[in-house]
Each structure stands twice: as structure tokens, then as C-alpha cells.
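S.K.: Below, each chain spelled out in residue letters.
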Amino acid sequence: MVSDYSSPANAKLPPLPAPGSPRRLEGHDKLTGRARYAGDFTADLTGGVLDAAVVVTSTQATGRILSIDARAASQLTGVRLVLTHETAPRLHSVMATNGAEIGDLLPLQDDKLHYYGQAVAVVVADTLATARDAAALVQVTYSAPEPDAAFTLAQGRGRAQDVKKVGAGDPGQVQVGHPEKAFAAAPHQVDMTFDTAAHHHNAMEPGAIVAAWDADGGLTVHLPTQFSYGDAVILGEAFGFGLKERLPNIVAQVLGGIEFHHKVRVVSTMTGGAFGSKNANVHLLLAPMAAKLTGRPVKLVLDRAQTFTLMPFRGEMHQRIRLGADAEGRLQAVLHDALLAKGTAGQFVAPIGEGTTKVYATPNLGLHVQAAALDTNAPGWMRGPGAPNGQFALESALDTLAHQLDLDPLEIRLRNYAETEPDTGKEWSSKALRECYAQGAARVGWHHRNPQVGSMRAANGRLIGYGMATAIYPTLQLPARARVELGADGRAVVQTANHEIGQGMITAFTQLAAETLGLPLEHVRLEWGDTRLPYGGMTVGSMTTLSGGAAILEAAQQVQKALLKRVVTDKASPLHGLAPDELRVENGHMVGPGGASESVAAAMARHPEAPIREEATTGRTMGHSSYGREAFGAEFAVVSVDPDTMHVQVERLVGAFAGGRILNPLLVRSQLMGSMVWGLGQALLEQSEMDERTGHWLNDSLGEALVPTNADVADIDVILVEEDDSRGHPLGVKGLGELGITGVAAAIANAIYHATGQRITSLPITLDKLLATPH
Amino acid sequence: MRNFGYFRAASAAEAVQAGATPQVHYLAGGTNLVDLLKYRVEQPEALVDINRLPYGHIEELPDGGLRLGALVTNAATAYDARVQARYPLLSSAILAGASAQLRNAATNGGNLNQRTRCPYFYDVAAACNKREPGSGCAALGGHNRDLAILGTSESCIATFPSDMCVALRVLDAQVRLLGPAGERVVPIAEYHRLPGAEPWRDNNLLPGELVTAIDLPPTDFGQHYTYLKIRDRLSYAFALVSVAVALRLDEAGHVLDAHLALGGVAHKPWRVSEAEDLLTGQLPSAEVFGAAADALLAGAKGQGENDFKLVLARRAIVRACWQAAAGTPQSQSDKHIR
Ligand SMILES: Cc1cc2nc3c(=O)[nH]c(=O)nc-3n(C[C@H](O)[C@H](O)[C@H](O)COP(=O)(O)OP(=O)(O)OC[C@H]3O[C@@H](n4cnc5c(N)ncnc54)[C@H](O)[C@@H]3O)c2cc1C
Ligand code: SF4
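From first to last, the protein sequence lines are chains A and B. Position one of the first sequence corresponds to residue 1 (full-length UniProt numbering), numbered consecutively onward. Position one of the second sequence corresponds to residue 1 (full-length UniProt numbering), numbered consecutively onward.
Hints were generated in silico from the structure; no laboratory data involved. Using N, Cα and C, we set each Cβ at its ideal position, and we do this for glycine too. Check the hints yourself; a few may be wrong.
[Unchecked claim] Below, simulated SDA-like cross-link-like pairs (lysine to any residue); rule was C-alpha separation at most 25 Å, straight line:
{"hint": "1", "chain 1": "B", "residue 1": "Lys335", "chain 2": "A", "residue 2": "Arg652"}
{"hint": "2", "chain 1": "B", "residue 1": "Lys38", "chain 2": "A", "residue 2": "Ala203"}
{"hint": "3", "chain 1": "A", "residue 1": "Lys292", "chain 2": "A", "residue 2": "Asp40"}
{"hint": "4", "chain 1": "A", "residue 1": "Lys30", "chain 2": "B", "residue 2": "Ala100"}
{"hint": "5", "chain 1": "B", "residue 1": "Lys335", "chain 2": "A", "residue 2": "Asn699"}
{"hint": "6", "chain 1": "B", "residue 1": "Lys38", "chain 2": "A", "residue 2": "Ser688"}
{"hint": "7", "chain 1": "A", "residue 1": "Lys769", "chain 2": "B", "residue 2": "Val318"}
{"hint": "8", "chain 1": "B", "residue 1": "Lys301", "chain 2": "A", "residue 2": "Thr773"}
{"hint": "9", "chain 1": "B", "residue 1": "Lys335", "chain 2": "A", "residue 2": "Ile716"}
{"hint": "10", "chain 1": "A", "residue 1": "Lys769", "chain 2": "B", "residue 2": "Gly299"}
{"hint": "11", "chain 1": "B", "residue 1": "Lys38", "chain 2": "A", "residue 2": "Ala72"}
{"hint": "12", "chain 1": "B", "residue 1": "Lys301", "chain 2": "A", "residue 2": "Pro643"}
{"hint": "13", "chain 1": "B", "residue 1": "Lys335", "chain 2": "A", "residue 2": "Ala72"}
{"hint": "14", "chain 1": "A", "residue 1": "Lys769", "chain 2": "B", "residue 2": "Ser235"}
[What the hints assert, rightly or not] Covered stretches of chain B, as calculated for chain A (at least 3 residues, CB under 8 Å):
{"hint": "15", "region": "232-244"}
{"hint": "16", "region": "302-312"}
{"hint": "17", "region": "315-326"}
For reference, chain A alone in the conformation it holds in the complex (with noise of 0.2 Å):
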């Protein structure tokens, strides 16, 4: 089963609300509830009836499970297995690329604890309801827990270590000059320290996975993913196929366009939010594992409270910060000592230092990025995911130094504004971030606002404080493959493994095939997420259209030049005899000079055994640029104080951002809004309590994690500031999907800094430590 959107459902809409902005095509389904997702599957592909699978989690942290007594939930009627680390099978190492945990250890392989919520059974029944109250039934004994384990870094700091590669490789460590030195110089110094909480993903789909052994032994699963190709490979390798069992090999996909009938099949086709959080999940391998024992096809959806334990999410980061200046503020050093919480398995630390790196010029830096692997689930990718910390730690200690030298906050920006990437001194491919800073300072009224801190006041007497900070996020790109096919009947079919995650991939990449084909919106159809596809990449870092565009925009190039080759050459045509490059296509048709012209369906229709197909591979590169490539933006808040109980109110965000080409301004606004949205909720909400003695995350509710409601959102101003970003990507485009909430907790704090006088350096920013301060 492929799904596929043409878009019927958008014919009834009212016009669209911006030129080049068709609205999402699956909208509609989604709204009406149509749209399914694993969670909603009552049976597997082929129609087998699915199982209900509960996983079982530890309620200790550390020590080992002294025994596991199953007998009351095998005895319920319906119960079909228990799996624990004595029955599941044994699976071979796999590779996480994300450097998920699953990479270091896998699930129910031995009796050892690693962490609070941890899986340690698996319970499958005939429905749901036997399946959790088997689960509550199964008795897991502990040994004693291990009395120096430690829960937050607080606790775990004497076990940093040095961190050489974050993130998806960027260095750990850098030097530029001589940044101790120069800093010990400066007359002008800042020296701060930041905490930020670590808050979860908080989605609204959980982790959830369908999954089906055939009769030959080949495993379907299907799954909410960012990486289907990835996770069918992690599963091949877990479950031990070869490559005689023909894996998908991506690099064999990718660089040798080999096609594959591989017998590990991954279909997603729609994720309800992952922003990092869906990707190489304990749960992948939970449900194979259960159904493989069954012999028959497992649906496991996890709780809301295993998606904090089982699913990634955003560690506590310690932060310090030096800065050293001249007396016109311009920047001499700029030191970034950062120290992460790392998971008791997994390799994954969050880049932090792309704003120390990558922002400001400056002659000396240094960044010094640490680790400590504490006694918890490990920390993963989300929306930034340093980025927001690293930035309200850089951008706090610059907004001091503003204040310390009497300047005002965007001129210190501006007096540092980098004309060269300052870490690798590389021209940037485009970088229209003065323009960002005029446009939003213009927008948000930053020149009318009475600089002096604590001046401001709102009839009602409640503080207003005006801040502002510098967004960036890298632009990445990976290898993506795509294939678009022209049949007799004039419309296009694309096709590609890339990933619906809430972002607008269906529409964007439908939109795109589009534009270059000359057709009409509804003459295409995309066809995704699933590894019978040509490989699309991962659905990551803000690259979706970056990878996945390229290929397409490539491949349907190619298929025009093809198309336009055939009917010039084509006596029955009109155009015949003209040359390729004296045509357009548009809306369907092909034009020539002097109004000869023909329709694509026509055309087509004369050779009805011979569609044309292309395929492309693009981003064999990673992307490695001889230019800098970040996006960025600058971000404003306007805040409120109540002067009584210090409760902070948003009043206004205003973003402006230069993201290069705009494909969709619709889909790329809600893009920036949404993550302005939860900058906004790292900024005051935000918080994943957990208990120091037991390392049990307390807060594992939606009633109690505290995110954003309407209540507390502000308004949101997004400017898209023209960028010209050809030289750094064939559709000129720089990933926007993370771009904007790097920026907003800075400006929060800032804002709230120009309001209080109170200069609140740890995430979130409530009450509490407002009131802590007399005043």
C-alpha cells in the first residue's frame, strides 16, 4: 500500500490565502480524521488481525532485575506472550545513526538496569485492554539499586568528559586565536554560567509500530518514522538478515541507483509530529521482537508516560559563557564551556555551539563541549536541538555586555555582524541578516522603546521589556534519491522515501514536481514513506526540501527535457521541428514562439507504451560547501510582567528570517510560527521534573507537562526577508524548520532583563525565580 495525494480536497476550499501557497493536500484528511496513523491500524497490510502489545517498564533505575513472575498476566484468558529478557530473542548490534541508544543497547537482551522506564517485558494479547492489565500483573524484583547514581547533572557532574564530535559530527572542541588569553586582556568582560532544564517532545502521537513476519520470513512494519530506510536497515541487522536477504543498502541505493525488493519493508506515512523524537526507537525493535514469537502481526503503542522514558528528548544543559570586548563592544573572545547530559546508553549530544561558532566575528574562540552520561533514557534530537540553549546562553551574555558598555543590544550585533563564517573563515553562500535585524526592529517598534531597563510600564502598571536575539540554524543536505514518471495520460507520478511528519513534506514536494514539470498541481501525485521507494533520505535537521527537493527538482528536469526532446522530434506534433529550448511548459501545456503549442496529455497519448521516467541521486556531497551556509534571523519579544506575582506574559514575538528561496510561504510560516511557539514554552513552561533519588520522570502527563496553550501564546509576527541563496543550492532554499526557536528564549530573557532589571539565566523562566530576587 502506497499513499498518495492528489488533491480533490482542496477543490472546495476558498481561494488561497498567498500566491504559491497551496494549502496542505492532506489537510483535510487530517482535520476529518481521515488520515490514518499506526496508532489507528486494526490490521496489519494484508489484513491479519493485529495483537495488542504493551511494553512493561522498570521502576527502578539501577541494579539488576532479580526475576521477573509472569504467571498471573500468562494465565489471563487472551494473553498470548510475555516477553522479557529470558524469552526474547537474542538480536545482533545494529547501527544508529542518530545516535540513538538502541545503537549501544538493545531491548530485553539482559537482566541489567539502565534507567528509570526502561522496557523490561513486553505483554501481547488479543486486545488492548487484557494486554494492560496482563502488563500490571507481571512482577519485576530488583536487586538493590546502585547507592551513586545520578539523575541531573547536578548530581552527575564529576562525570563529564570531553565531547570531540556533537550532534551529526561537528567538532566539539574548537580553537580560534587565542580565546584565555585574549579574554584574560579584554577590558570588557562578561563571565556567566547558564542552566537549562531538560523538557520533552510531548507530541501529540506517541511512539507507535504495526508489525507483520510473513510467510517467507520478511518483516513489514509500519511505523511513524523520520527514517524508514534507516530503521529497515536496523531491523535487518537486528534480526540478522544479510545483504543475500538483499537489505536495503543505502549506499548501494544511493550512489549506484540499484533497486531493491528487500525482505525489510518500512511504510510511514504519517507521523504526528517528530522534530527528532521518531528515528531508531526501542520500540522498533519491541514489536518485531514480540510478533516474531506470536507468529502473528503486533500493534504496540506506547503510553504517554513511556514516551518520556522510550523516546528521546531535550537533556539538561550547564552552560558557560565569556565574552571579551573593547570599549566599542567589539568582540576579543568568545569562550563556550558547555556541559550536556548524555544518556547511560546512546551517543547522541546536542550541537550547542553553532552560535559561538557561527554568529559573530570574532578573532579568538573556543568552544569546549563536555558530556555527562548520567543514569537516565538518553537525551536525542529535538527542534534545535542545542541551538535554542546555546543561543539563550550567548545571546544572554551579549545582551549584558550591551547593557555593561551602554549600548544598545542590536547595535552590539551589529558592531559584530560576521562577514566571513567566523570558525572556518568561509565566504557565506547568502547571509541577508542585517536586513533580518532592520525588518523585525522596524516591525516590533525597537527604536520607540525607552531603552533604560525597568523604565517601560503599561497603563495597569505591569513591566514591558522589549529583547531580542540572533536565530541560526545550519543548512544541511543529505543524499536523497527521487524518480518521477510522465505517463500516457499527461500526469505525473513522483516518488520518493521521504517523511510526512506534520512539516508539509506531501504538499511541498507535490508543489515542486509541479512548478518544474510545467503541470498543473493536481496532475501530480507524490507517493512516500516507504522503503519500496527510491530512498529519500532522512526527514532531519531542517533538510527535507534541501535533500528530497533536490532530487526531485533534478529528476523532473530531466524528465521535461525528455518530454520536450520527443515532441520536437515528433511529426504528429505541433511543435515538431522547433527546438527544445524554444518551449515552455505551463499549466499543462508546452508552448513555442508564435503561439504553437500542445498539451503534455496530448503528447503523451501518442505514445501510450512509453512514459518517461527519470530517476536522480542528489547530495552525494553532505552537503560540504566551499561557502558558509546557516540560515538565520533575528527574533524580538515584547514581554509583560505583573509586578505583584512576576508572572511573565508574551505580549508580542516577532521573527524575521532570511531562509533563501520561499517554496511554499504557507507551510514555511507555520513552520517558524510552531517553533517560535516552543521557544516560547523553553523560554517560561517547559520542564521535565525529575525525582534526584529515584531518576523518575514525575511530570509524564499532558495534564502536567506544561506546554503552550492559546492562553499563553502571544502574537506572532513572521517576516520572510528575501534571500538570494542559488549559489549555495540548486532551488536556492536553506532549511526552516528549526530556524525559529533558536532564537526565542533569548529574546525572552532579554526582554525580561529590560522589564525586571533581573537577569534570570536557567530554563524555564517562572515565577519562582522571579520572586526570588527582592525587590
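Based on these hints, arrange chain B with the ligands on the given structure of chain A.
M.R.: What follows is chain B with the ligands alone, placed relative to chain A:
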């Protein structure tokens, strides 16, 4: 699956008879009870569904008060024209709570009997005297930012989370009960309990007793009132501290009568007559309101993470008194503290 009995009571007598067995719970809107079942905090033998009982109306009382049926939803109560006109404080407090969806399902009787939100109470792996008598209290020395500063005991520091009941306390409501031994009426002041040595007892309801209605006496607090709820998130969050204030002022602005109560700080809505006496006869001023706040908070003690509540509560009380005195009650639709 784990079976439990389900019985839909056709009459009050039937319900009370069925409800008198231990391990049987009344099911009203289910917004709290069903969660408790899912978390296995409650594992009843049976549920008695009381939704068909005739307590779904709001009625006039002969003395000019109102009777709120136990099964009237929180939403219907808050939006009732009589409640809005005569008891706007109650309407405001209800609308400050939960979310629109929850208020549509939650009932007045259920609200009165909702359980605490202490995280350890919901975590069956943690020690909790309220859930499992004698097991200890994980909140002591644990995560207690949201917990109580007044009336705590060594065995429990939980709060009673209701917003509605803080207003009921200020309005001197009477809770009408029907039990195996017949009807009785309990003043709201005596309905909820402090944790003491028996924290598993939230209130003084006897086994099998059913709340049938809440009676509101006639009052004259339509002008000078407010319900000020302070929370990290502006909607869909429990109070860190909430303050209900109802004042009557004479023409010169002197306080004739003052009622104030706090939510989010104790195991029951917190009201102290000394605090109110300090206001009587006075003109509104920061000093007078501050003195009342100090009296209301007398004996307050932080547990570490929640120490800030002492400062916050004092300021919130003063602010709420000003809102009430000025006749500018806190908006529950805008929710921003203005
Ligand atoms: C996520 C979330 C957020 C919330 N936020 C708030 C908030 O901000 N402020 C707030 O005040 N509340 C809040 N609530 C709580 C909500 O108000 C209560 O859940 C609701 O009032 C309970 O009413 P119910 O009818 O659903 O009761 P049920 O869940 O049916 O019952 C609750 C308890 O009361 C007992 N009971 C019910 N009716 C009677 C009766 N007539 N006689 C005797 N016993 C009875 C039941 O046996 C049970 O023990 C929140 C709840 C949730 C889930
Ligand atoms: S405070 Fe009360 S409810 Fe919370 S853990 Fe302690 S005993 Fe249980």
C-alpha cells in the same frame, strides 16, 4: 481484563445502598476517577454510576439562595444566569479551572471530591500515605513545588486542587449529603479535612454517603469579588496559589464584610477569620490588605521547592483584595493578570 462491577443506579436509595460497600466508588463525570483507574491508583470492586439520579438541576431556595445539584456540570453551573448574576465569584472560580472540555464533563459533586494532584499519589511505585496508608510520603524531600504550605502534617503535604471549592468556602456553601443513615448537611468549612495522621481521608464523607447538592446562602457579593489564580501556564493548569475574595463596602468605601480563602496551598480551601476581622471597618490600603494577608498565612511553612509560595501568596492576596475592592474582578476569558 481486570473486571469490576458497573451498576447504574436508578434511584438515590439504590445508589446509597450499593455505595455503602467498601471498594465501591460513585462515578459522575469520570474526569478524575477514570484517570485514577487507568493509573491503578484506585482499583474498585465496582462503580456505581450516579448520572441518572435527579441531581441535575439548579433550584431557587426559599431564603433567596440557590441549590446546585451534585450532577450539574461545572460548565452549566458557571454559565447559569442566576449563578452569574448572584454568585459571579463561583462562576469565575469554576471557569479558572481545567479546560472547557473537562468542565463540560465534570460535575459539582465530583469537583468537591476530586483527589489531589501530588505526582507521587499518581505513581503507584512511589511511597504515598494518601494512596497506601503507612507507606510514607515521597513528596517530603522530593518534588514538592506545587504542594502545600499551610496545614501540612508529617504524613502528607498534598493540596486539594479544586478552584470551585475555594469560592464555595468564601460563599459559606452547605454540602447536602445522603447516606445509609439518611440526610445531613455539612458546612463547606467542615467538609474537607487537613491531612493530619490520616491523609487518606480527603474529607468527612462517611462510607456510602453521596453528595446530592450544594446550597448557596443568599449573599451580596456581586460587586466586589475576584478569583485570582496564579499558575505558570495561563490555562489548563492547577493553581500555584489562588485567592477568592468577596467584600461588601459601604458608600464611603469601608469594608463592611470580608471573606477570603486560598486555594493551592493546603489540603482544603484555606480561610482564617482573624484575617477577615482585620479588614472589617477599614478603608482599602496596602497596609490593611498586607496585614490580612499575613494573618491568612500565619503559620505557613515551605517545603523547599515551594518556599516561593509564601511570597507569592502574600502578594496574590493583596492584589486580589485590590481587584475586589475596585470592583475589577480577574477576567477568566482573557486570563491575563491585568
Ligand atoms: C488535566 C486536568 C486538569 C484539571 N484542572 C483543574 C483545575 O485547574 N481546577 C480544578 O478545580 N479542577 C481541575 N481538574 C479537576 C476536575 O475539576 C475534576 O476532575 C472534576 O471536577 C471531577 O468531577 P467528575 O464529575 O468528573 O468526578 P469523577 O471523576 O466522576 O469523580 C471524582 C471523585 O468524586 C467522587 N464523586 C463524584 N460525584 C460524587 C457525589 N455526588 N457524591 C460523592 N462522591 C462523588 C467519585 O467517586 C470520585 O472519587 C482537572 C482535571 C484534569 C483531568
Ligand atoms: S504529599 Fe500526600 S499525596 Fe503526596 S506523596 Fe505525600 S502522602 Fe502522598
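S.K.: Compare the structure with each hint and give your call.
M.R.: Each hint, compared with the structure:
1. Distance hint between Lys335 (chain B) and Arg652 (chain A) is fulfilled; the C-alpha atoms sit about 16 Å from each other, no more than 25 Å.
2. Straight-line distance between C-alpha atoms of Lys38 (chain B) and Ala203 (chain A) comes to about 21 Å, which keeps the hinted pair within the 25 Å bound.
3. Taken as a hint, the Lys292 (chain A) and Asp40 (chain A) pair is honoured in the structure, with Cα atoms around 22 Å apart against an allowance of 25 Å.
4. Straight-line distance between C-alpha atoms of Lys30 (chain A) and Ala100 (chain B) comes to about 23 Å, which keeps the hinted pair within the 25 Å bound.
5. For the hint linking Lys335 (chain B) to Asn699 (chain A), the alpha-carbon distance of about 24 Å falls within 25 Å, and the restraint holds.
6. With a CA separation close to 22 Å, the supplied pair Lys38 (chain B) and Ser688 (chain A) stays within the 25 Å bound.
7. Note on Lys769 (chain A) and Val318 (chain B): the hinted pairing holds, with a Cα-Cα distance of about 20 Å set against a maximum of 25 Å.
8. Annotation: proposed proximity of Lys301 (chain B) to Thr773 (chain A) holds, straight-line Cα distance about 19 Å (limit 25 Å).
9. Restraint check: the Cα-Cα separation between Lys335 (chain B) and Ile716 (chain A) comes to about 18 Å, which is no more than 25 Å; the hinted pair holds.
10. Annotation: proposed proximity of Lys769 (chain A) to Gly299 (chain B) holds, straight-line Cα distance about 23 Å (limit 25 Å).
11. Restraint check for Lys38 (chain B) and Ala72 (chain A): the C-alpha separation of about 19 Å stays at or below 25 Å, so the hint holds.
12. For the proposed pair Lys301 (chain B) and Pro643 (chain A), the alpha carbon gap of about 24 Å is at most 25 Å, so the pair holds.
13. Between the alpha carbons of Lys335 (chain B) and Ala72 (chain A) the distance comes to roughly 50 Å, so the proposed pair goes past 25 Å and is violated.
14. For the hint pairing Lys769 (chain A) with Ser235 (chain B), the CA-to-CA distance comes to about 20 Å; that is within 25 Å, so the pair holds.
15. Under the rule that three or more residues need a Cβ within less than 8 Å of chain A, the assignment of the region 232-244 of chain B holds, with 7 such residues.
16. A stretch counts as covered by a chain when three or more of its residues have a beta carbon under 8 Å from one of that chain; for the region 302-312 of chain B and chain A the count is 3, and the coverage holds.
17. A count of 4 residues in the region 315-326 of chain B with a Cβ less than 8 Å from any Cβ of chain A is obtained; the coverage claim is therefore met, three being the minimum.
The structure does not agree with numbered hint 13 stated previously, though it agrees with all others.
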